[in-house]
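Participant: Sequence:
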Amino acid sequence: MVALLVGAGVESRLTGRIVDSLGPAAPRLVREDPWCLLGVFGVRPDQADRVARVAIPGVQRDDPRRSRAMAGYVLAQHAADGHTKASLDQLVLPLSEAGVTDAEAAVQAAVAAGNVVELPDGDVALKRYWEAERGVAEDISRLMAAAKPIDLNKKNAALLELDETQRDAVRNALAGGFSVLTGGPGTGKSRTVAAIVSLAQEAELSVALAAPTGRAAKRLEELCGAQASTLHRLLGAQPRQRGEEVAFNAGFAHSSSAPLEADVIVVDETSMLDVELAYAFLDACADATHVVFVGDSAQLPSIGPGRVLADIIDAEVCPVTELTTLYRQSAGGTIARLATAVRGGELLAVDDPEREVVVVSASTSEESARRVVQLVTDSIPRALGIPAEQVQVVTPVHRGPAGTQALNALLKTQLNPGAPGLKRRFDPGDRVVATANHPEAEPNGYANGEVGVVAEVARDGAVTVEFASGPAIVKGKALADLLHGWAITVHRAQGSEFPGVVVVLPREAGGMLSRPLVYTALTRAQRHLSIVHGVGGSLAHAVRRVGTIPRQTMLLSLLQGQK
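In this text, residue positions in the sequence shown follow numbering that gives the first Met the number 0: the first is 0, and each later residue adds one.
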């Protein structure tokens, strides 16, 4: 099998992923249908075509197996942009560019094979996303129908500290099986969640708190005074078996057949939930569970497909409480006011003598990079007393002088150059970020987007990283999914907050700015926010007029169909 792939010019790293994905049956599967490789993440059509020519001499480009596989591949590329469905018209051009002349026939072949589902409105979707979105809708309906109201102690001290809207959120959480709490920074979401926890514990009910990332879970734990974990850990994430044909949530110990044992479950930062993780979680909730989704739908949508939180809010099928009153005035006042204005489409002029928010202009990307290094290594620690290890750089771009790659190289040189004479990819003290989920890592596992610090580097290159969720040993193929993390993208920063944040907006980022991206970047800061501004009028334009590209999903209509 490996000889076949290597002979077709497939690089060794991708060969290993193919073998891991397809398992022992890989040689048979590839020889029967070489284009099954397009179902493996990272395999391109030209690579699958080369394997096909080696595996099946004389095979033609119009082979129906290729057309069928290409329909699924194009839908998967569509999903990479966040969509869970597509119209046939949207598939015609990319299929034509891939050499498929009859897009409708290719899609129908994929439907007949069971990989693609044709929807009632004529659109099509990969089966996995159809099942996930349908499952989310059904599970929300199930929870709302099954849970019994929890008595509310109106004299509870935590409850008495809330305003009337916040009390509404608490009542919704305890009265029904599913509710949503939303709002911007500084509006009291955390205080409201703490009251829910207090009342549930007072009623001697079990409570579970979770968030998509370790840092968000740690913050939730500190604010509520109760243990919290990542969603993956709550669900008991387990590595999949090699080549095993498994259901979407077979990588979790908890599911509908082994539900979570908690009376009340609060999930924070739910704007980050893609539809498959949302389904895995809701499917694992027992009928009597009270589930509360907490999040800010104005932030960037999830990295994975779907717009779960926004679709649930828009569907108007469950209680939704939006907090709008801004309370965070003393600690985080300017940050909160600026973020609230951006959330509403307005860019405020910053005039802050307390220097909680500082705007630094830069005429070029190279100057932006110099400003960032100066802020992190000197200005912020010296003037504000926030050490460099508590300052996070956030940028929209990977490449260019002020992208993550160049900034991490500059910051490593200044902050942690490593021992003289040793040339290693990582050194003890390096800040790193995970770019993939690895629940199998010993002893704790870690999730995509987690930021940590390298504690130890072994002779074989394995590194022990201290993440917010606990230490984890990163080794072997997982090392390729670990990057330096002094500077990270806005998407990677989502779900985390840091004492100090430097948001750099270099010139090359101007065309990709949107209100959700800017808002998400600004709201990562707790005590201090520096904005290195190099995009001119593009920033104000983005805040006032540019939203994210609308995602095509099925969840909204599925939820409304459950009424």
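No wet-lab data here; the hints were simulated from the structure.
A hint or two may mislead.
Taking lysine to any residue pairs in the SDA-like style, the calculated list, with each CA pair at most 25 Å apart, reads [claimed, not checked]:
no.	residue 1	residue 2
1	K217	C35
2	K126	T100
3	K147	H253
4	K217	T100
5	K126	C35
6	K147	P470
Participant: Given the proposed pairing of K147 with H253, does the C-alpha separation stay at or below 25 Å?
Facilitator: Distance of about 22 Å is within 25 Å: holds.
Participant: Quickly compare the C-alpha distance for K217 and T100 to 25 Å and report which way the hint goes.
Facilitator: This hinted pair is violated, its Cα atoms lying about 52 Å apart.
Participant: Would you mind confirming whether the straight-line C-alpha gap from K147 to P470 stays at or under 25 Å?
Facilitator: 39 Å, violated
Participant: Would the pair K126 and T100 pass a check requiring their Cα atoms to be no farther apart than 25 Å?
Facilitator: Answer holds: K126 to T100 is near 23 Å, not above 25 Å.
Participant: Straight-line Cα separation of K217 and C35 no greater than 25 Å?
Facilitator: 41 Å, violated
Participant: For a C-alpha distance cap of 25 Å, please report whether K126 and C35 respect it.
Facilitator: Holds. K126 to C35 sits at ~16 Å (cutoff 25 Å).
The structure does not agree with the numbered hints 1, 4 and 6 stated previously, though it agrees with the rest.
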